[in-house]
Amino acid sequence: MSPSDAVMRDPGTPQATMGRPSDYLHAQHTLRSWFFTTDHKRIALLYLASITVFFVFGAIAAGLIRLCLVVPNGQIFTNDTYNKIFTMHGVIMVWFFLIPSIPSTFGNFLLPLMIGAKDVAFPRLNLLSWYVFMTGALFTMATLVIGGVDTGWTFYAPFSTTYSNTYVIPALLGVIVVGFSSILTGLNFVVTVHMMRCPGMTWFRMPIFIWTLYATSLIFLLGTPVITLALILLVMERAFHIGVFDPRLGGDPVLFEHLFWFYSHPAVYIMVLPGMGVITELVAAFAQKRVFGYRFVAYASIGLASITFLVWGHHMFVNGQSQLASTVFSFLSFAVAVPSAVKVYNWTATIHKGNIRLDTPMLYAMGYIGLFVLGGLTGLFLATLAVDAHLHDTYFVVAHFHYIMVGGTMLAFLGGLHYWWPKFTGRMYPEAFGRVGAFLIFVGFNVTFFPQFILGYLGMPRRYHDYPPEFQLLNILSSAGSTILAVGYFFPMIYLTWSLWFGKRAPANPWQARGLEWTTSSPPPPHNFAVTPRVDFDPYDYAIKAREVG
Amino acid sequence: MAEPVGIMLAEHFSTVTQQRQAAKLGLWAWLITELLLFAGLFLCALIIRIQHPASVTLAATHLKFWIGAANTAVLICSSFTMSGAIVLSRIGWRAGMLRFMLATAALGTLFLLLKGFEYYQDYVEHMVPFLSGPYVLAHDQASRLFVDVYFITTALHGVHLITGVSILLVLTWQASRPHFLTRHQNRIEVYGLYWHFIDLIWMIVFPVLYVLNR
Amino acid sequence: MARGDLRVLLRVLRVPALTLAALLALLAINVALGATLPFRNVWIVEAGVTACMVAIVLLVSMDILEETPLIRLFSSIGFFWLLIMFGMTLTDYAYR
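Protein chains in written order, with the numbering used here: chain A, 31 to 580; chain B, 366 to 579; chain C, 2 to 97.
Calculated from the structure, these hints are not laboratory results. Ideal placement from N, C-alpha and C gives every residue a C-beta, glycine not left out. Treat each hint with caution, since some may be false.
Derived lysine to any residue pairs resembling SDA-like cross-links, with alpha carbons at most 20 Å apart [claimed, not checked]:
| no. | chain 1 | residue 1 | chain 2 | residue 2 |
| --- | --- | --- | --- | --- |
| 1 | B | K429 | B | F495 |
| 2 | B | K480 | B | S531 |
| 3 | B | K429 | B | L374 |
| 4 | B | K429 | C | G5 |
| 5 | A | K383 | A | A543 |
| 6 | B | K429 | B | A503 |
| 7 | A | K383 | A | V368 |
| 8 | B | K429 | C | D6 |
| 9 | B | K429 | B | S531 |
| 10 | B | K429 | C | V9 |
| 11 | B | K429 | C | A36 |
| 12 | B | K480 | B | C442 |
| 13 | B | K429 | B | K480 |
| 14 | B | K429 | C | T37 |
| 15 | B | K480 | B | F495 |
| 16 | B | K429 | C | A33 |
Negatives, chain B to chain C, calculated, CB over 10 Å [said to hold, decoys possible]:
| no. | residue |
| --- | --- |
| 17 | G371 |
| 18 | K480 |
| 19 | A507 |
| 20 | L536 |
| 21 | H561 |
Just chain A, with the same shape it has in the complex:
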């Protein structure tokens, strides 16, 4: 190393690492080297920072919703303000946090590492994808915060096209742009999985996380263009009154719902599938045991990604679609339970008789499994035609999808964040604070959302800001839970940031986990591996084998 190099290094880097080739975080320091990077790991951190900011905005909106619902007569906000707040919460959380959350951060960071590649197939496209995302997201965010939109995240016609007096068109344009970012990321991942695997990395030696990421990317490719078109038609309808969704001219608003849910139901699996992949990694690592039924879990991922395109009509049981359509969609929705249950049973069987360590990531994983089961089972209630007629558009639905989105995806996101934090940053997080945070989030989540099942069953509709006084107790309980949840979220935000500078230095493999990402240093060098790995071992090559029959 020449003396001039030494001067440029981070003065905080200890002497011991000075002689080593620099890692991706310290290879370059300029702002330019971050904002024009093509390194998938740096792009992942760009995404992580941006979606965290969006999450904070979405969470503030959620807090305001719960604040308003403490009193039954809606004194805290006007109707219009309340509508704008819940729209802000929904749009930000769905489009700008949950959909990009795990694929764009963990996916970007880990995909090449896990398959032994130097980078994704199209690194410049990957960077472009982030810029496209930020352009659309910031534009819509500004619209939501400054002007406000009151349609809810679903933008249903004809309210969004004819009746709403808010800034619907700018919000739609931003969401359309963000869709292109999803498509580019999905395209990149699909090609990367097919083309960039290192020697010996066959399909059935790939970690389950990669399988789920691949399935997710297929949904990005096959679903996103349809929502792009549906939203373009909404913009046209609002701007030029083309009439396709307007019943006064003979158009059909249900057609918008078909096009919308053709993407947006699979979008649920864009949010859920990568979380399932993360949980599989966590469960195997913290039970030190091979994944039970690896192939079935892999097939179940692709199965879910396919079946999810056949069930969108269950959002429209009471919206005037044909009886036949409702019956078919109801039946197929039940079929989704099969691959989902395969996953849950396989996680449970993997934990069974493992060498279990209850570190923070595993606490999140255990929480995930329980909450996902509750969320999934209540989904079956809603897939039943007669029951849905009673529960449709009530708080039961709200509780159901929050058990999937927050109890599922959010916990998986946090669990994965702790698990791979040493790999991302080269630092360990403080374990004790981590466990307290996980506990608070689990308790806070349940106190917030379980009462909403009861509220919905009793008949409280969603998206209203006042309600009969007899619902107040449960609503106060829910709002109280949300404050615990908020405190829980503050924990990782603070101690993870703290650990960036003061955390213990992480070894290459702090969890004694298997997988190629743990064979390189923490944090990894710019091109991931000193030598291209060769794989001649099974995935999850842990000492304890899962006993499988047949």
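Place chains B and C on chain A using the hints.
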């Protein structure tokens, strides 16, 4: 005459075959999204047809059938010239390839000009219901749904064609420099796929809008 | 242009030229049918002709016949998804 044909290996790929296949697969993945984008419009057209068959037939007979047919022929010819550019790029005949590429861009531009003329005719005949002026089929409200879908579909296709011609001109400029085929022959192949696919979309758009509903 | 060059040109352009001829012929059929409307439900024939044109472009112009199985798969996924989209939506609209 022929220059060596090949591709320059990017840093993160290990073989040329891998790089070439990745580019091709990536483009096919993109084409899937293009197909599904237009499929939404075809679905709208079908639903409108199911719900208002008479209005749709009325509207379809007011479209400029012969301009649409001529435009289809123009795009089929452009597909041929694009294929010519691809096969000549494979044997390293750069001068011929460049001529075929320019011919393709010219045919694409001809399509756009004809399309513009068609829009103008529509305007003159009051077939533009989304503007505030008079609409010739105003007695049949539902017919305007189909006409509006016609405008959105053809405009979306037009945007793709404008993009396509622009990229093609940039690519022709790049390819006119020496050693292009030695380093980037791949680009011609991949771009060719895109061009063929836009033509393919039009081959579906033309019957769906102009022919099937007459 | 030298005679050798011309021979090369004719050889490599044979398939594109045949494709061009086939597509123009099919288009002529469709235009003729559309202009004359010779019998009821002629749209079925027209849709079939369109399908042939699409297949020719995919298989010949876009080289699917010579591609790897992976690319063939990706060229057909989109059309398969179209069937899902149309089929499931029609369970609604065809039975309202």
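Just to be careful, I want the Cα atoms of K429(B) and A503(B) compared with a cutoff of 20 Å; is the pair within it?
Between K429(B) and A503(B) the Cα gap is close to 18 Å, so the pair holds against 20 Å.
With a cut-off of 20 Å on the C-alpha distance, tell me whether K480(B) and S531(B) pass.
At roughly 17 Å apart (the allowed maximum being 20 Å), S531(B) and K480(B) satisfy the hint.
Claimed clearance of chain C by L536(B), with the beta carbon kept past 10 Å
holds, 18 Å
Pairwise hint evaluation, A543(A) against K383(A), where the allowed Cα distance is 20 Å at most:
holds, 17 Å
Hint consistency between K429(B) and A33(C) [alpha-carbon to alpha-carbon, up to 20 Å]:
holds, 15 Å
If I take the minimum Cβ distance from A507(B) to any residue of chain C, is it greater than 10 Å?
holds, 15 Å
Beyond 10 Å from chain C, beta-carbon-wise, is H561(B)?
violated, 5 Å
Measure nothing beyond the straight line between the CA atoms of K429(B) and V9(C); if it is 20 Å or shorter, mark the hint as holding.
violated, 41 Å
Holds or violated: are the alpha carbons of K429(B) and D6(C) at most 20 Å from each other?
Violated, at about 42 Å.
Holds or violated: K383(A) with V368(A), Cα cutoff 20 Å?
Not satisfied, since the Cα-Cα distance of roughly 24 Å exceeds 20 Å.
Could you grab the alpha-carbon distance between K480(B) and C442(B) and see if it respects the 20 Å cut-off?
Roughly 16 Å separates the two Cα atoms, so the pair holds.
Beyond 10 Å from each Cβ of chain C, as asserted for G371(B)
Holds, since 18 Å exceeds 10 Å.
Going through the hint list in order, the structure does not satisfy hints 3, 4, 7, 8, 9, 10 and 21.
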